[in-house]
Amino acid sequence: MPFDAKTNDIIPVPGEITNDSGRDFFENLKTLVSGSGGPINIDCSAMKMVTSNHVSILWQARDICAGANREIHLLSASQNLIRVLKMMDLADLFNIHPAEGNPMGEITQTFLLAPQNNFSADIDLSVENINRAMIKFLEYLAGFGISERITFELQTVFYEIATNLRIHVGRQCGNSFKFMTTCASDKLIMRFVDSGHSFDPTKVPNHLNPDMAIMTKQQGGLGLIMVKRMIDRMSYERKNGCLNILTLEKKLDISHECQ
Amino acid sequence: MSANELSFKIINDDTLLINSGRVIDNNNAHEMVDTISTAQKKGYKNIILDMSQMEFISSAGVGSILGTIESSREAGGDIIICNASDNILHIFRVLDLTDYLTIKNNTAEALDHCKTGT
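The listed protein sequences derive, respectively, from chains A and D. The C-terminal position of the first sequence is numbered 1282 in my numbering, with every residue numbered one higher than the one before it. The C-terminal position of the second sequence is numbered 106 in my numbering, with every residue numbered one higher than the one before it.
Chain D with its partners taken away, still in its complex shape (with noise of 0.2 Å):
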């Protein structure tokens, strides 16, 4: 699996919307994780993870979103994934994660997560 890069849109002050890419594996997890935690300390409290361009997601990718997920719900916020595809979907699923993490189908219903919490 070869990484790739993330792109970032600010939504707002408190809104990061980052597009994951096409892999998050054991090779650039921490990537994510570093991206994740900076974003978190520059006071983004919502990280909105759209992963409409993910085809792979190895455990560590998971791991990457478990581990950072803790300081965004602290500060009142939430890490959103959009746009995941049935695959990506389906780990989610065989860990049981889909109702522990913020799942939603798309970019918009993402956005209104973080300005309702609904």
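Isolated chain A, as found in the complex (with noise of 0.2 Å):
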């Protein structure tokens, strides 16, 4: 539905991402930002529910807001949406307006996205990709309700194998790694398949001595002994003499089982 944005300078978040409704709020969202100065206003009591693809418009709002230097503010956040965009680190981004009856920080609902037991991405090995696809691993993870601690071991689970396919996998062939997720009953299930040279991490020794790094600067292998020390059970497959597949599994300390 048109929005006049003469006349009304809030445009409201829909309910449902759906192609036609993300397409209308954007058109809305340029036309608002084409004209007159002034900070934009976003209406998000529609969000019921709060998945991935609302964390994403909200993003790419914020992105055409800024380019025109616009500010932007949230109306009538909820507590699940303040929540889940503390914990990916993007609140600071906005200005927030708890919906009434809902301050800041106020957390009374155990599950934030809606839940998606699956997640896969192709990543192309660069920097700016493996980023990207850490904000859509941890959107995927908002959604199980699961503690800040796992969340960042998760996190960081992700980017040291990321980062040492970047480093290793991509001085090869140049291209990318596909990362997929599972939930079953209450693990996470994490597998990385990338198409370098066989590389068996769980060979690598699992302890550190800190002298010995120090005495010989220990470049690498850290990462993975971070790994090995934050998932619950690691294991590899070199397939078709042409794939490594890591498999990573870590339980997690949520309220119900994935279905």
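Careful: at least some of the hints might be erroneous.
What the hints assert, rightly or not - Partial chain A-side listing against chain D, Cβ under 10 Å, derived:
#, residue
1, Leu1247
2, Ile1248
3, Met1249
4, Val1250
5, Arg1252
Unchecked claim - Here are the simulated distance ranges between beta carbons:
#, chain 1, residue 1, chain 2, residue 2, range
6, D, Glu62, A, Val1150, 53 to 61 Å
7, A, Ser1170, D, Gln41, 17 to 25 Å
8, D, Asp84, A, Asn1141, 32 to 40 Å
9, D, Asp22, A, Ser1079, 33 to 41 Å
10, D, Asn0, A, Arg1172, 16 to 24 Å
11, D, Ser25, A, Ala1069, 50 to 58 Å
12, D, Ser25, A, Asn1141, 42 to 50 Å
13, A, Asn1198, D, Arg61, 39 to 47 Å
14, D, Ala96, A, Thr1041, 54 to 62 Å
What the hints assert, rightly or not - Reference listing, derived: stretches of chain A covered by chain D, where coverage requires no fewer than 3 residues with Cβ under 8 Å from a Cβ of chain D:
#, segment
15, 1171 to 1178
16, 1182 to 1190
In case anyone wonders, no lab produced these hints; they're calculated from the structure. Note that the coordinates shown come from a computational prediction; the quantities given were computed from them, not determined experimentally. We put the CB at the ideal spot given by N, CA and C, even for glycine.
Can you join these two chains into the complex? Each is in its own frame, and there are hints to help.
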């Protein structure tokens, strides 16, 4: 439905993001941004469930507003939305106005984003793409209502494995790796698939000798030690003579089991 | 992870405080190494790393500390970490470095350590 930017300065976020609703949102936003200066107000009251698509359009809206030097204000932000933005380190990018009766920081609900059991991505081996993929991974994790500690560990695990692949596989093949996750019972299973030289990380020692590390000015290996100590199970498979498949399992501290 | 700016404060002729910013990862760990090494060459035997803003440190970030701490300790000083959050401390615990590194709760304790060595 057309949005009259002259008489309204508030754009509602659709409760459900579809191709049509998302397109309408951005058309309305661009109409408003192209108008006279002043803050852009985004009405978040229709967001009963906070999905990764909602976070994505808010992120894109922020970029559009920033490009036009316009402040972006999120009105009637629910506790869930506030928590998701805080967990993803995006809260500082917005001026957030909580919904009435929901002071900033007060959390009453367990589930945040609508849970999605599976996540997969083909990730080009560049710093920017790895960072973008990590944001998407965090959006996915936010749907499970897990603790900040577990989220932090999973973020670290993803970063360290992806960066190792960028440094080592990128030199060989220069292309990408595949990252897939699935939630089974109360654990998250993550799979990294690359086409680099055969490398079995399960064989890397699991201990760190700080004196030796300093004496040898240990440049590498710390990342895999961190990963091994943050996950519950690691397995490796070399498939068809050309694929490295690294599978990691991490128990989640969630109050419900994955379906 | 985006790079962040380091900021500095000279405490005295022996001690420099570095605010390590939001992130030390593989993209900017070399800057941390360069910064600490430069400070050591200038005679600052104590380097206080204020991690109050730090949200993420990668293995390369940890490596940047391990790779430079020897020089400070050989000069009779140290690299002292302070104001680290629970998540950052968790990284050091995971790597069994909490006994090896000098970690203080806050800047005041870090400064005391520089004066007294405790």
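Does the Cβ pair Ala96 of chain D, Thr1041 of chain A satisfy 54 to 62 Å? 55 Å, holds
Go through the hint on Val1250 of chain A and say holds or violated, using the shortest Cβ distance to chain D against 10 Å. 9 Å, holds
Per-residue hint verdict: Arg1252 of chain A, partner chain D, C-beta under 10 Å: Holds - the Cβ of Arg1252 of chain A comes within 10 Å of chain D, reaching about 5 Å at its closest.
Examine the segment 1182 to 1190 of chain A: at least three residues should have C-beta closer than 8 Å to a C-beta of chain D. As far as the segment 1182 to 1190 of chain A goes, the hint holds, because 4 residues have Cβ atoms under 8 Å from chain D.
Would you say the C-beta atoms of Asp84 of chain D and Asn1141 of chain A sit inside 32 to 40 Å of each other? 35 Å, holds
Using the Cβ atoms, figure out if Asn0 of chain D sits within 16 to 24 Å of Arg1172 of chain A. 37 Å, violated
Taking 53 to 61 Å as the stated bounds, is the beta-carbon spacing between Glu62 of chain D and Val1150 of chain A within them? 34 Å Cβ-Cβ, so the 53 to 61 Å window is violated.
Close enough to count: is the Cβ of Leu1247 of chain A nearer than 10 Å to one in chain D? 8 Å, holds
CB of Asp22 of chain D to CB of Ser1079 of chain A, is that within 33 to 41 Å? 37 Å, holds
CB-CB spacing for Ala1069 of chain A and Ser25 of chain D relative to the 50 to 58 Å hint: 54 Å, holds
Is it true that the C-beta distance of Ser1170 of chain A to Gln41 of chain D lies inside 17 to 25 Å, as the hint says? 22 Å, holds
If you count the residues of the segment 1171 to 1178 of chain A with a beta-carbon closer than 8 Å to a beta-carbon of chain D, do you get 3 or more? holds (count 5)
Figure legend: structure checked against the earlier numbered hints; hints not met, in rising order: 6, 10.
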